[in-house]
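From the two separate chains plus the hints, produce the assembled complex.
Here's the letter readout for the chains.
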Amino acid sequence: MKPYQEDGNDDAYFFIEIPYLDLQKLNTFCETHSLKLRLKYATQSEIISSESLEVISASLQQLFTPSLTSYVDKFIQRAEPIPITARYAVVCIMTTPTNYRTMGLLGSYYKKHGEEWKFYRFPSEEPSEADLSQLDGNILKF
Amino acid sequence: MYLFLLAQNFLIPSSINNLMQIHQSPNSLSQFKLFQKFHLFYYSRKDDQTFFLLRQKKSGSFSEIKGHLQLHDPGILFSAGRKIMELSSGLLTKQNLEFFAENSPHSTVNRDMLQFCKKKQQMVLKSFLLPCINFLCSLVC
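Line order of the protein sequences matches chains A and B.
When you line the first sequence up against the numbering used here, it's residues -11 to 130, in that order.
When you line the second sequence up against the numbering used here, it's residues 68 to 208, in that order.
Be aware that one or more of the hints could be misleading.
Said to hold, decoys possible - Below, simulated BS3-like cross-link-like pairs (lysine-lysine); rule was C-alpha separation at most 27 Å, straight line: (1) K28(A) / K100(B); (2) K133(B) / K28(A); (3) K133(B) / K13(A); (4) K161(B) / K13(A); (5) K150(B) / K24(A); (6) K125(B) / K62(A); (7) K62(A) / K133(B); (8) K24(A) / K104(B); (9) K24(A) / K13(A); (10) K100(B) / K24(A); (11) K161(B) / K28(A); (12) K24(A) / K161(B); (13) K106(A) / K100(B); (14) K124(B) / K24(A); (15) K13(A) / K113(B); (16) K24(A) / K133(B); (17) K150(B) / K100(A).
Stated by the list, open to error - Between beta-carbon pairs, the in silico distance windows are: (18) N177(B) / S38(A): 15 to 23 Å; (19) S22(A) / K113(B): 25 to 33 Å; (20) E117(A) / E165(B): 34 to 42 Å.
Hints in this document: simulated from the structure, not taken from any laboratory.
Heads up, the beta-carbon is just placed ideally off N, CA and C, and yes, glycines get one too.
Isolated chain B (complex conformation) (with noise of 0.2 Å):
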């Protein structure tokens, strides 16, 4: 048993230093596992079905959003987050997805109301990367 940090050089409040002490992690935590691919799925549910979404590639079929994770990326989830937002343009992201639901109240969606950028503007706005990684990286709790 050994304590894990992931950072050092900071002064430790006696109260987490006593967390640290008294509790610490097993051997299986620091086993980390560098992803070089993901695929990511999205499905839904209707009468007691499951469906997937898949989107066209250029070839005309149909498959699950995947890549691999870029040398500029930190992690595959961050590199999973800009593949969203490359094919999408921020358009699945959770907040947009609410309003093409189908049982959504919003009969029309027009561009004002979704966090949406055109792909010519994608270099200029990259904090709109930060909605598609923000959503990713908080469904992992």
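Excised from the complex, chain A in its bound form (with noise of 0.2 Å):
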């Protein structure tokens, strides 16, 4: 996932990267099951185009904004590398750290774009004293 974030609103941005599906099936199976999920592909030029006004809502046009567009062209499309800005330990005690709720709290206000979180469970994992030397700071989560 490649978190987006704007200092100037309070919205979130995530890019999932998915294997390319085959549409047809998958609407099909949604049409099948009685599920209002109809999907479609479009590329970027696609969605930004006033032509496609008609079948591309008007508030996603108005969300590629020279910023994010930018940012899309460079880190989605040419999938160049994020630039690491930070690097965390986040050393879980009495939890595992595929615990789901750990992440999706630290992840949901804490993380932010171009930083590394390492996830330890502790004491079976910590981080060793070459890693501790990269850090710029630890998360202790009991």
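This is the structure we're talking about:
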């Protein structure tokens, strides 16, 4: 997941890469099982194009500001690596790093664009001295 | 520099105590942001092109998956997981999507293969929400 955040607003943007889907199969499955879900693929240029206004919602078109467009071009389309701004260790005590609550809570509020977080299951796992020397900080989760 | 603790009032093992004293966290880590809305984009690559997966709204036009932070959710990722659950009955999670991939060995998909619940059952089968949230939260790391 690639989070994108803008200073000026309180919206969170998440980009999740998935395999290319057979949408005919997926849409047919939804129809067969009475699911009101219809999906469609569109490229960024199709989304932004004024000719797509009837197909693409106006709010989505407005979302693609120059800043978001530039982010998508660079980090999603060209898949350039996001520069790491900080490295943190999350040491989970008496719980597991795969506990969705831990990651969901911390990720929802604290993880910022460009930060790298590594989870450790204490006491079986803990950051080595080499790891610690590269870290900008620790988070202890009880 | 100071240590940032998420919870207190526990006995702290000595090795962790050392970790706390030696390696502390910068101010920037304690700065948090309360997100009120989310925009979730699934995207796929094919033939050197990037395609965004859009869903059809009631108006007929297509848009990204978006929503607001629900007051009963502890964070924005939980609200996003709930939204995926509501929209797709759990269909849009990683393990399910693999069956619908273009190069999937499964030419047909039936509901027994999927972690999927029909809308009417959602109130009963709340546990189906877990794969959605777990899927999103696992991507945070």
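Quiz item: For which of the previously enumerated hints does the structure constitute a violation, in increasing order of number?
Solution: 1, 6, 10 and 18
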